[in-house]
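> Sequences are here, hints too, so could you generate the full structure?
Below are the chains, spelled out letter by letter.
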Amino acid sequence: MAIKVISPGLATSVQDLGRPGYYNVGIPISGGMDRFALRAANCLVGNDEGAAVLESVFMGPEIEFTGDALVAVTGADLPPKVDGEPRESWTSFNVKAGQRLTFDYLRGGARVYIAISGGIDTPVALGSRSTYALGALGGHQGRNLEAGDELPIGAEAPGGAEGRSVPAKLRRMPGMPAELRVLPGLYWHRITERAGSRFFEETWEVANEADRIGYRFKGGTPLEFVERDQPFGAGSDPSNIVDACYPYGSIQIPGGTEPIVLHRDAVSGGGYFMLGTVISADMDLIGQLQPHTPTRFVSVDMAAALAARRDRRAMLENLREMLQ
Amino acid sequence: MTTRYSFGGDEHIFAEVDEEMSLEAFFKSLSMTAAIRDSQIKGVAEICLANASYQVKFDPDQISPDDMLAELKRLETSAEKTDSVLKTRIIEVPVLYNDPWTNETLMRFRERHQDPNSTDLEYAARINGFGSADEFVAAHSGAPWFVSMVGFVAGLPFMYQMVDRSRQIEVPKYLRPRTDTPKLTVGYGGCFSCIYSVRGAGGYQMFGITPMPIYDPKQEVGYLRDFMVFFKPGDIVKFKPIDRSTYDQHIADVEANKFTPLNRDVTFSLDVFHKDIDGYNKKLEEALNGN
Chain A
77 MAIKVISPGL ATSVQDLGRP GYYNVGIPIS GGMDRFALRA ANCLVGNDEG AAVLESVFMG
137 PEIEFTGDAL VAVTGADLPP KVDGEPRESW TSFNVKAGQR LTFDYLRGGA RVYIAISGGI
197 DTPVALGSRS TYALGALGGH QGRNLEAGDE LPIGAEAPGG AEGRSVPAKL RRMPGMPAEL
257 RVLPGLYWHR ITERAGSRFF EETWEVANEA DRIGYRFKGG TPLEFVERDQ PFGAGSDPSN
317 IVDACYPYGS IQIPGGTEPI VLHRDAVSGG GYFMLGTVIS ADMDLIGQLQ PHTPTRFVSV
377 DMAAALAARR DRRAMLENLR EMLQ
Chain B
9 MTTRYSFGGD EHIFAEVDEE MSLEAFFKSL SMTAAIRDSQ IKGVAEICLA NASYQVKFDP
69 DQISPDDMLA ELKRLETSAE KTDSVLKTRI IEVPVLYNDP WTNETLMRFR ERHQDPNSTD
129 LEYAARINGF GSADEFVAAH SGAPWFVSMV GFVAGLPFMY QMVDRSRQIE VPKYLRPRTD
189 TPKLTVGYGG CFSCIYSVRG AGGYQMFGIT PMPIYDPKQE VGYLRDFMVF FKPGDIVKFK
249 PIDRSTYDQH IADVEANKFT PLNRDVTFSL DVFHKDIDGY NKKLEEALNG N
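From first to last, the protein sequence lines are chains A and B. For the first sequence, the numbering used here assigns the number 77 to the initial residue and increments by one for each residue that follows. For the second sequence, the numbering used here assigns the number 9 to the initial residue and increments by one for each residue that follows.
These are calculated hints, taken from the structure and not from any lab test. Beta carbons: idealized from backbone N, C-alpha and C, even for Gly. Treat the hints loosely; a few may be bogus.
What the hints assert, rightly or not - Only some residues are given here: those of chain B computed to face chain A with a beta carbon under 7 Å:
1) Gly17
2) Asp18
3) Gln70
4) Gly137
5) Gly139
6) Ala141
7) Val158
8) Ala162
9) Leu164
10) Phe166
11) Ser174
12) Gly198
13) Cys199
14) Gly208
15) Val237
Unchecked claim - Covered stretches of chain A (in silico footprint by chain B; criterion: 3 or more residues with CB under 8 Å from a CB of chain B, positions within the stretch not fixed):
16) 166–176
17) 179–187
18) 324–331
19) 365–377
Given below as structure tokens:
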């Protein structure tokens, strides 16, 4: 069994839960940007939660199936169709050999996850099938899909069934304005108190430069830095630091103007100061933000970050129980 | 040097060993990351070493952030006592300085530069007080470099030059990062040289290009068969200026899989190095050239 890519959409790649262990040489974890939606898609078709799926952004691909398959689409509100007939998102459905999966226009969110029972069976690279396009690693030939690509599908997972559905309360999407919770820290001391409070008071907007490496935000007031003589080796701009590690979710602000939140294909380090980090529970939401979405950063402490993490885990447990 | 710790969300601890760059800060970061690896603390997911800092990614479901922080602080005491001696290797990296490809790229991004009327090389030479680009290249390639971080993108080495502070070159990063940099560009930002392992965005000044692959996800390059990334922190690099015909010859050799970088195993001692920097570098170079 295989799938043929008739049209790849805007950017479609093979992703699983990622490739931990190589960030120290600059190879990021990669994997689905909305991991909850990725796990849900796999659960719906009976796969292991971490099986490889397709991730598409803004626009769906057109895919032809060489054999019968059980499929689920989760994440953004991008309605799937089989040979032109609508199918429900967050619900498993059958596709017959020769049929084509296409998508309607995007109504909300940004990224869909397409799971096929058996999982995408491209070669494993450093322990994962995830595509890291910048490093030409993993996925299908280390790149996003192109028309004409053919991808193998593993043996159908037992226990999958048509018509399984994730209840609406477990379909988590960013609100309007979107709210991303942030633990201040890292180089927080480099900006003035006023700049720090303004960062959380103002409404930012997702910029066009938003991808798997990072999301840029614009529209807020440029930061004021605490004056200092720059330390040796950092570079002369007050936003420069001696090149250091970048945590996933960390918010760097080159030149103090436009914050960039790093995501799954993050650059592992660099020379710009960071004012804090988006908490782990909210990372999935970032991948569902469209350009121009108004966004608030909400300051939280570690206790709140850990509580949010527990909530997320409970939601995942809930999902697993419902789809047992 | 007092380490400053900060949480990076609920999954990372970031440790800034020193605000400014020095080999002492690097060696302390190195011994800390080694100690963390050896101690096998439960819940550690990733340990990343940077120039004068490091980062630990951990699973807060397995160990609380406060407990992880306490473990790191406990290790700091013993890490401070370790000798700064390293078994490593010195590698010769051929560079075509002032090459046509980075020149074409820097012209395309001129409006993002501090000095739109000169090249990156001319600008860096001028602000560092060199009389010409050639003199600058002589300084850049005249003393070896220490790989003090691997990262940004897959396998990119950050390098710190092994000379007196007074002779260390500093240049600013681009005013706004470029969206394109040729693969294997030799760049410079702050006090660091780098080699861009892949084509992509970049904010460092561009001085030249090496024909030597340093990252190969397909692992077809002979010397990258064991691991796709060539550089490790602690490697010592000596740049060798080459002309266009030598560059072309190396490229042909790389394509025929006949190119292997000149390299030798050496032991580096920070204390001995500091007693006579230039003398020590001369010995390293002799080791490289097999004298």
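> Against this structure, judge whether each hint is valid.
Evaluation of the provided hints:
The criterion of a C-beta within 7 Å of any C-beta in chain A is met by Gly17 (chain B), whose closest approach is roughly 3 Å, and the hint holds. Taking 7 Å as the C-beta cut-off, the interface hint given for Asp18 (chain B) holds, the closest approach to chain A being about 4 Å. Given the 7 Å rule on beta carbons, the hint for Gln70 (chain B) is violated: about 12 Å separates it from the nearest Cβ of chain A. Because the closest C-beta pair between Gly137 (chain B) and chain A is about 16 Å apart, greater than 7 Å, the hint is violated.
Taking 7 Å as the C-beta cut-off, the interface hint given for Gly139 (chain B) is violated, the closest approach to chain A being about 22 Å. The interface hint given for Ala141 (chain B) is violated, since its Cβ lies 21 Å from the closest Cβ of chain A, which is over the 7 Å cut-off. At a threshold of 7 Å, the smallest CB-CB gap from Val158 (chain B) to chain A is about 5 Å, leaving the interface hint in force. Checking Ala162 (chain B) against chain A by beta carbon gives a least distance of about 4 Å; that is within 7 Å, so the hint holds.
Here the hint on Leu164 (chain B) is kept, as its CB sits about 6 Å from the closest CB of chain A, short of 7 Å. Taking 7 Å as the C-beta cut-off, the interface hint given for Phe166 (chain B) holds, the closest approach to chain A being about 6 Å. The criterion of a C-beta within 7 Å of any C-beta in chain A is not met by Ser174 (chain B), whose closest approach is roughly 11 Å, and the hint is violated. Because the beta carbon of Gly198 (chain B) sits about 4 Å from the nearest beta carbon in chain A, less than 7 Å, this interface hint is met.
A least Cβ separation of about 4 Å between Cys199 (chain B) and chain A falls short of the 7 Å threshold, and the interface hint therefore holds. With a cut of 7 Å, the hint placing Gly208 (chain B) at the interface with chain A holds, because the nearest CB-to-CB distance is about 6 Å. At its closest, the beta carbon of Val237 (chain B) sits 5 Å from a beta carbon of chain A; the interface hint therefore holds under the 7 Å criterion. Only when three residues or more bring their CB closer than 8 Å to a CB of chain B does the claim for the stretch 166–176 of chain A stand; here the count is 0, and the claim is violated.
Look at the stretch 179–187 of chain A against chain B: 0 of its residues bring a Cβ nearer than 8 Å to a Cβ of that chain, fewer than three, so the hint is violated. Note: the stretch 324–331 of chain A has 5 residues with beta-carbon separation from chain B under 8 Å; the three-residue rule is met and the coverage holds. With a cut-off of 8 Å between beta carbons, the stretch 365–377 of chain A has 0 residues touching chain B; three or more are needed, and the interface restraint is violated.
In this structure, the hints that do not hold are numbers 3, 4, 5, 6, 11, 16, 17 and 19, in rising order.
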